[in-house]
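Asks: Okay, here's what each chain looks like letter by letter:
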Amino acid sequence: MPPKAKERSYFCLLAWIVGAAFTLLKAVDRDPWGVGILDVDLISLLTGYLFLSFGRIQAGIFALGQGLLMDVFSGGPNGLSALVHVGVFWGIYLGSLLFNFQTARGQVMIVSLTVLLKNAMWQALSAFFFGNLVLSASILCGAAISVLGSGLLAPLLYAVFDRMRGFHAGEEDAPDLDHLKEPPGMADHY
Amino acid sequence: MQGDKRFRTLWISIFFGCFLLFLFSSSSGPKQPWNPVEQLIVEITAPFQRLIRQSIDATENFWMNYFYLVDVRSENARLKQTADALRRENNRYRELLATHERLQKLLQFKEMVQRPATAAQVIGADPTGWFKSIIIDKGKDAGLSWDMPVVNASGVVGRIVSVSKNYAKVLLIVDQNSAVDCLTQRSRDRGMVKGTGGRLCKMDYMAKSSDVAVGDLVITSGLGGVFPKGLPVGTVTEAKEGDGKLFKEIDIMPCVDFSKLEEVLVIQGADRRLEDAE
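In order, the protein sequence lines correspond to chains A and B.
So for the first sequence, this note's numbering puts the first residue at 1; every next one is plus one.
So for the second sequence, this note's numbering puts the first residue at 1; every next one is plus one.
Some hints here could point you the wrong way.
As the list claims (entries may be wrong) - Listed next, with one range per pair, are the computed distances between beta-carbon atoms:
1. L156/A with E111/B: 52 to 60 Å
2. L156/A with F67/B: 54 to 62 Å
3. V28/A with S74/B: 22 to 30 Å
4. I57/A with G244/B: 53 to 61 Å
5. F129/A with T237/B: 44 to 52 Å
6. L25/A with W146/B: 23 to 31 Å
7. T82/B with L140/A: 49 to 57 Å
8. R165/A with T82/B: 46 to 54 Å
9. E75/B with Y10/A: 47 to 55 Å
10. D211/B with L25/A: 42 to 50 Å
11. V72/B with S138/A: 53 to 61 Å
12. L156/A with R199/B: 33 to 41 Å
13. A207/B with L25/A: 40 to 48 Å
In short, the hints are calculated from the structure, not lab data.
Beta carbons: idealized from backbone N, C-alpha and C, even for Gly.
Let the sequences and hints guide you as you build the complete structure.
Replies: What follows is the structure, given as structure tokens:
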């Protein structure tokens with residue numbers, strides 16, 4: 001196996017392990033970050049990075065797999081978490097069409113909108129299946145903080161991941177990132 | 001010549017002996033204060049004595065404050081470690097005591113239920129935060145199966161919705177998917193307690209003519225086929241009649257504190273009272 005492919009495999013495996021560990025940790029402690037109100041959506045962030053660096057297929061499989069894992073431990077109907085996480089993937093995909101995912105600003109926007117979409121999906125599905133729409137001030141505030149926190153953390157986390165993989169800013173690696181590329185004159189600086 | 005020497009020695013010895021006897025006889029009476037000669041001797045020798053005493057004290061202090069403290073420091077560190085270990089052990093015993101009390105209550109509840117039951121520990125909860133479920137550490141190997149009721153010493157917790165070899169998922173009564181057939185203990189009016197996804201439950205299908213008041217205890221009716229009859233579910237916190245609605249709107253505060261669930265009891269086997277009735 002060529003070194004680059006090996007490195008990709010290792011990172012994907014690491015992403016799966018971290019995602020699964022995060023899900024299990026959330027099942028044990030609803031506040032795994034230990035900072036109270038800040039609820040960073042690590043699964044969405046990892047899905048976004050896999051989409052950015054490895055392409056749609058890797059990101060889609062990751063999102064679906066994490067959703068299915070969450071379904072096992074969740075008390076909701078089977079497939080609901082998987083549906084929401086597939087929605088996360090589609091949110092990232094559509095966001096990448098609107099913004100430049102390779103810039104920090106684009107990453108903040110795409111991840112923020114994706115987490116917002118995820119929270120909205122949960123609310124909508126809860127209202128659809130159970131007739132229960134919960135829009136209390138605390139829930140809205142928590143969701144807003146999660147959206148902003150996850151979005152603002154995205155460029156930093158992605159830069160860390162790039163460093164871990166030995167990449168510098170601006171290098172591209174994924175096979176099918178043509179849809180992310182913009183004409184040179186319009187590209188923002190990383 | 002030698003005779004004179006021996007004679008002189010004898011007389012000197014006799015003189016000193018008599019002098020000593022004289023001294024003994026003079027001190028045999030009540031204690032006399034120092035005479036002027038003794039006072040002079042004391043005044044001359046006492047400062048030297050004080051100097052010697054101070055030198056000894058200074059040396060002793062120097063030793064105690066510096067060299068000896070090395071041992072004190074290590075002893076202090078050792079005692080601190082011992083105190084920390086004892087504190088940790090104390091905390092562990094307190095925790096064991098609290099666990100013992102909880103399990104004692106659970107055991108008393110188990111004896112009251114009159115059905116075989118298995119105790120289990122809660123090891124996880126719903127990771128999404130949108131549903132109310134828990135994971136317990138007992139499964140098929142312990143005799144658990146789908147739809148078995150789960151309770152604790154305070155009351156009804158939920159029912160098993162998924163089970164594997166060693167683990168099971170329990171849907172709590174506060175979950176939106178949960179519904180338990182209940183009745184009020186006082187007036188025996190029947191209704192369905194449903195979860196809302198929050199802290200409270202609601203009791204549906206209570207007719208407007210039903211006699212329900214705030215503070216009434218709600219218990220399982222036994223008619224749902226899952227929970228035995230008579231298990232506490234919650235207390236009524238609000239009961240109002242909605243305008244234009246067929247049923248009363250009743251809020252229930254569950255007896256169980258779901259934020260502090262640690263041990264639960266899974267009730268197994270058929271209801272003996274139903275078997276006896278047959």
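Asks: All the hints need checking, so say for each whether the structure fits it.
Replies: Going through the hints against the structure:
Separated by about 57 Å at the C-beta atoms, L156/A and E111/B satisfy the suggested range of 52 to 60 Å. In this structure the supplied range 54 to 62 Å holds for L156/A paired with F67/B, their Cβ-Cβ distance being about 56 Å. Our hint of 22 to 30 Å for V28/A and S74/B is violated, since their Cβ atoms are close to 41 Å apart. A hinted range of 53 to 61 Å holds for the C-beta pair I57/A and G244/B, which are about 54 Å apart.
Remark: the range hint 44 to 52 Å for F129/A to T237/B is contradicted by a beta-carbon distance near 26 Å. Look at L25/A against W146/B: about 27 Å separates their beta carbons, and that is inside 23 to 31 Å. At roughly 52 Å, the beta carbons of T82/B and L140/A sit within the given window of 49 to 57 Å. At about 49 Å, the CB distance of R165/A to T82/B agrees with the hint of 46 to 54 Å.
A hinted range of 47 to 55 Å for the beta carbons of E75/B and Y10/A is consistent with their spacing of about 52 Å. Between D211/B and L25/A the CB atoms are about 48 Å apart, so this pair conforms to the stated range of 42 to 50 Å. The hinted window of 53 to 61 Å between V72/B and S138/A holds, with their beta carbons roughly 55 Å apart. Checking the proposed 33 to 41 Å range against L156/A and R199/B shows it holds: the Cβ atoms sit about 36 Å from each other.
For A207/B and L25/A, the Cβ-Cβ distance of about 47 Å falls inside the hinted range of 40 to 48 Å, so the restraint holds.
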